[in-house]
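Novice: Protein chains in written order, with our numbering: chain A, -19 to 546; chain B, -19 to 546.
These are calculated hints, taken from the structure and not from any lab test.
Hints are supplied without guarantee of correctness; some may be wrong.
Which copy? The list can't say, so a pair holds if one copy fits it or any two copies do.
As the list claims (entries may be wrong) - Computed cross-link-like contacts, DSS-like style, restricted to lysine-lysine with a CA-CA straight-line distance of at most 25 Å: (1) Lys439 <-> Lys319; (2) Lys(-14) <-> Lys167; (3) Lys92 <-> Lys355; (4) Lys331 <-> Lys231; (5) Lys407 <-> Lys167; (6) Lys68 <-> Lys521; (7) Lys362 <-> Lys105; (8) Lys(-14) <-> Lys331; (9) Lys523 <-> Lys439; (10) Lys302 <-> Lys266; (11) Lys439 <-> Lys511; (12) Lys87 <-> Lys523; (13) Lys391 <-> Lys167; (14) Lys92 <-> Lys523; (15) Lys(-12) <-> Lys523; (16) Lys269 <-> Lys331; (17) Lys523 <-> Lys511; (18) Lys68 <-> Lys439; (19) Lys355 <-> Lys511; (20) Lys381 <-> Lys319; (21) Lys411 <-> Lys331; (22) Lys485 <-> Lys507; (23) Lys99 <-> Lys244; (24) Lys(-15) <-> Lys99; (25) Lys521 <-> Lys69; (26) Lys411 <-> Lys523; (27) Lys381 <-> Lys200; (28) Lys523 <-> Lys68.
Number of protein chains: 2
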Amino acid sequence: MATEKKHKLKIIPLGGLGEIGKNMTVIEYGSNIVVIDCGMSFPEDEMLGIDIVIPDITYLIKNKDKVKGILLTHGHEDHIGNIPYLLKKINVPIYGTKLTLGLVENKLLEHKIEDAQLKVLNAGKTINLGCFKITFIRGSHSIPDAVGMAIETPIGILVHTGDFKIDYTPISGEAIDLDMFAEFGRKGVLVAMSDSTNVERPGTTDSERIISNKFMEMFKTCDTRIIVASFASNVYRVQQVINAAVAYGRKVAISGRSMINVVKVSQELGYLDVPEGTLVHVNDLKRYKDSEIVIITTGSQGEPLSALTRMANSDHKKLEIKAGDLVIISASPIPGNEKTVSRVINMLYEKGAEVMYSAITQVHVSGHARRDELKLMLTLLKPKFFIPVHGEYRHLIQHAKLAEELGIDEKHSIVGKNGDVIEITSKSITKNGNVTSGNILVDGLGVGDVGNIVLRDRKLLSENGLIIIVLSTERGTGRVLAGPEIVSRGFIYVRENIDLIEESKAVVRRALCKCQETNTREWNNIKMAIKDALSSFIYEKIKRSPMILPIIVEVNNNELPDLSDK
Amino acid sequence: MATEKKHKLKIIPLGGLGEIGKNMTVIEYGSNIVVIDCGMSFPEDEMLGIDIVIPDITYLIKNKDKVKGILLTHGHEDHIGNIPYLLKKINVPIYGTKLTLGLVENKLLEHKIEDAQLKVLNAGKTINLGCFKITFIRGSHSIPDAVGMAIETPIGILVHTGDFKIDYTPISGEAIDLDMFAEFGRKGVLVAMSDSTNVERPGTTDSERIISNKFMEMFKTCDTRIIVASFASNVYRVQQVINAAVAYGRKVAISGRSMINVVKVSQELGYLDVPEGTLVHVNDLKRYKDSEIVIITTGSQGEPLSALTRMANSDHKKLEIKAGDLVIISASPIPGNEKTVSRVINMLYEKGAEVMYSAITQVHVSGHARRDELKLMLTLLKPKFFIPVHGEYRHLIQHAKLAEELGIDEKHSIVGKNGDVIEITSKSITKNGNVTSGNILVDGLGVGDVGNIVLRDRKLLSENGLIIIVLSTERGTGRVLAGPEIVSRGFIYVRENIDLIEESKAVVRRALCKCQETNTREWNNIKMAIKDALSSFIYEKIKRSPMILPIIVEVNNNELPDLSDK
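Next up, chain A with everything else stripped away, as it sits in the complex:
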């Protein structure tokens, strides 16, 4: 086996480091690559008009012959959302647990991808891929069937925790397999990668089970409709709503496309236990009294188009919030969503609903380990080297510091960035250069066709709008035949600002005169002159900087333009 040790183990994060989202990590040894997770993320505020963001996979495309498979830790979008886009470039086998692959299949259907190689690998099972021996380790997260994994490489064992918390009393199935994590720890872990999301929070995350009591308590005393909003993928949460509904004789209707999808998949695959006759269609709710109804819905993040927001805003086709409804928002706002969530809560109160939300009562628990759980994990794994993952830069830094407290040498932890090539031998861990990585923006069907210039224009347009100046000139002579006309959008309410528009036209005319006087004939120079003059005028007048777009149409009278289809 000596020859097998001639390579360094390379760990190359393509996403998920220094950010929350689009998790994707390349594990490479010689001519063997496996990839852990394949996620997407939601756009940052400045990515105007963008639908989703996926990692740049140039490196994988270049090395596609090496790629033995994608290994999925669980079925959240930030871990599986890039699969359809990846498969359109390289068709490699995908390994995951049953529920994870069920959710992947759903995605592939939407993208009309039929030739995917989905291979179930359940927790506790092992598979060999190239020089790697991979074992999925049962985890615990806010979605069932989540796993961590050990990857035995020629130079040592890598353990990746996946997203995890330590829940000793899970809603269904067995608790996280601490024993197996410990077993690898005993064998000797060369490098560990662990979830950093909640590293800033002291103590431990509560068990999902405490929500059961809360629901039971609220259902017990309620004699109106109950509406529960949560993340669609939180099957445990849905299960607890169903349990409470059954206990108090309520029917359950599901609302919201993603919630309907997940309930269907998880019910089919046996992850959701729904007594017959419990689920009813939204259309049939009218047959029941308010006190016999629970509606489970999406919209816990206040998303403007989600079912809950539409119910609160009276623009849902079938459901509307009414006075007396009990609405439980069983989620915390994801950072960045605080305002939209707050807005929905306000709307619900204005409709006269009673609202329960995380700021006033515990209707949610996190799916990520806090500091004491992270300490437990690192203590079990006892890794030689440590790479904190799944977090913004601040979280990775805090996690590396935590590892240091536990005796892991500061120099043995690497706080990396996407694209870094982290090289590991049995004795050393170092950053060594980097590969192409970054954000690919998806807007509608376009993947990567919106870049910085387009985004910069969108930003400018969004802040100040635009002014178009149209002129028609005669070809050859440059004589102005029509205009200047001014059209604006997003700039000012024109009807109430006729004077400003007229003055603007005068400014353009003066600029044109000056061009004639100075014999300026170059279109670009004329355009620039118009732009400069108008831009200064507008800024001086009202301190705004709209985009200014002079358009000059050259006309040749003697020629009828070709209107046929080229």
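Given chain A, work out where chain B should sit, using these hints.
Specialist: For chain B alone, coordinates are given in the frame of chain A:
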């Protein structure tokens, strides 16, 4: 005095109810009006390009002869920011404490307003305005010189708490005057209005003083530069940084325009105690060792143009964060700012700084009362009627519920909205209609010239960009002389999508042919035909909906257009 009771007391919130920001409340009795506060707010996310938002004061302009004065509770922007705009419409006297008016004066200078009537009214002092007798009551907030007030009206006493917390150990000056609040309570309070910001938080807010110990502790062990970011207006916080700096022999430099302003005003007016030789200019920092330097700066909310962000981003003219710097972000993210704050923290860590922020250690306390303090206040005031103020709708609702727990009849509390006319007699409180109210958007120098149509266009442009189609036609005949040309901005990167642009031109040409065939001559119809055809084509092709703007220039060959200045 019997005749004086013939009117109802009207309370009309023009801002600050159901929102955080632009606080402004009209108190009216017969022909007498006083206004409590005169604030602005920052734009919501969907108010693209807007700088600030101010309340609609149509009602005050209509009733300007009744207005006896504006009564300011403290100097925060959401309480004084609208003063310059109000004074441009109605010049009424403004009453406030010394520091509050010092900050107002600063604002008026910027707006070049010279004829304002600023009248100092200190805490504990009383003044008569029309039929009202007003007493300022010493409060406690995150800015010095904050007050609540009692307004004795012909039908009873109104008490407004202002923004407050109960701090028994303030940094300077005396503690909140609970005794005076209690005294009015004993006399009998007809209606109370109280700060609802922190009603969702149990317990009490910590004293500002605990920050002192924290600063001392951090300064003691630090031998590098220290940079502290906080709200400019938090003079207490600045004082504590200065105290720690003096204790550990550091010089203090101030950075950021608003910080420099506030330090100047509060030092001049005696609200900030700075030993001589402590303050140095940023330019002179090079004379000192890193261990002898503290920089106090703005940017605690991660504002992109703030001093701290620029220091972290290497685009500050004079200062740059370097490895080893200790950066203390002595503030919590205001809801909505979580992501910008997090981004700055990440940038600081990437520069190698050590960062202390509220998620990992207590470097900030709130200026607003929590539930137990709110209970204390209501218990002292024992009001007959209650109007929760200063909060989103959810906070007002929770505060009314809290009042109910304390024995205030549910029907005696009014959860109102801006514009509501709340009518009070000695026996009743009711909502009775409403007056004009709302948001006036300020963009550059324009006040109110950006409305819904302009914002809708900005949103559309920001999400999808625009496509302009230019055609030139002959006047009279409608013959197409030039075009169609296509110009786009914020839509797609044109050079890499030539095909799509060419196909789009063909689509426009086909639409034009169809118009000719069907003898469609009306410009608007031709434009609509072009728009519909192109819009469908683009959506089908790449699932996007850019704004489409057909521009048709009519040309008359025989006439030279008038280019002279009209």
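Novice: None of the hints should be skipped; say for each whether it holds.
Specialist: Evaluation of the provided hints:
1. Lys439 <-> Lys319: both (21 Å within a copy, 18 Å between copies)
2. Lys(-14) <-> Lys167: within (22 Å within a copy, 89 Å between copies)
3. Lys92 <-> Lys355: Classified as neither: same-chain Cα gap 43 Å, cross-chain 60 Å, threshold 25 Å.
4. Lys331 <-> Lys231: within (23 Å within a copy, 56 Å between copies)
5. Lys407 <-> Lys167: Within one copy, since 17 Å is at most 25 Å while 79 Å is not.
6. Lys68 <-> Lys521: Intra 52 Å, inter 18 Å, cutoff 25 Å: inter-copy only.
7. Lys362 <-> Lys105: Intra 22 Å, inter 68 Å, cutoff 25 Å: intra-copy only.
8. Lys(-14) <-> Lys331: Cα proximity of Lys(-14) and Lys331: none, with 68 Å in one copy and 36 Å across.
9. Lys523 <-> Lys439: both (17 Å within a copy, 21 Å between copies)
10. Lys302 <-> Lys266: within (14 Å within a copy, 65 Å between copies)
11. Lys439 <-> Lys511: both (19 Å within a copy, 24 Å between copies)
12. Lys87 <-> Lys523: For Lys87 and Lys523, the Cα distance is within 25 Å only across copies (18 Å; inside one copy 48 Å).
13. Lys391 <-> Lys167: within (22 Å within a copy, 69 Å between copies)
14. Lys92 <-> Lys523: between (50 Å within a copy, 16 Å between copies)
15. Lys(-12) <-> Lys523: Intra 59 Å, inter 45 Å, cutoff 25 Å: neither.
16. Lys269 <-> Lys331: within (20 Å within a copy, 61 Å between copies)
17. Lys523 <-> Lys511: within (16 Å within a copy, 33 Å between copies)
18. Lys68 <-> Lys439: Neither: 31 Å inside a chain and 32 Å across chains, both beyond 25 Å.
19. Lys355 <-> Lys511: neither (61 Å within a copy, 61 Å between copies)
20. Lys381 <-> Lys319: Close across copies (23 Å), not inside one copy (32 Å); limit 25 Å.
21. Lys411 <-> Lys331: Between copies only: 17 Å across chains, 56 Å inside a chain, cut-off 25 Å.
22. Lys485 <-> Lys507: both (14 Å within a copy, 23 Å between copies)
23. Lys99 <-> Lys244: within (21 Å within a copy, 68 Å between copies)
24. Lys(-15) <-> Lys99: neither (29 Å within a copy, 83 Å between copies)
25. Lys521 <-> Lys69: Cα proximity of Lys521 and Lys69: across copies only (20 Å, versus 52 Å in one copy).
26. Lys411 <-> Lys523: Answer is neither; intra-copy 48 Å and inter-copy 41 Å both fail.
27. Lys381 <-> Lys200: between (46 Å within a copy, 21 Å between copies)
28. Lys523 <-> Lys68: For Lys523 and Lys68, the Cα distance is within 25 Å only across copies (18 Å; inside one copy 48 Å).
When held up to the earlier numbered hints, the structure conflicts with 3, 8, 15, 18, 19, 24, 26 and fits the remainder.
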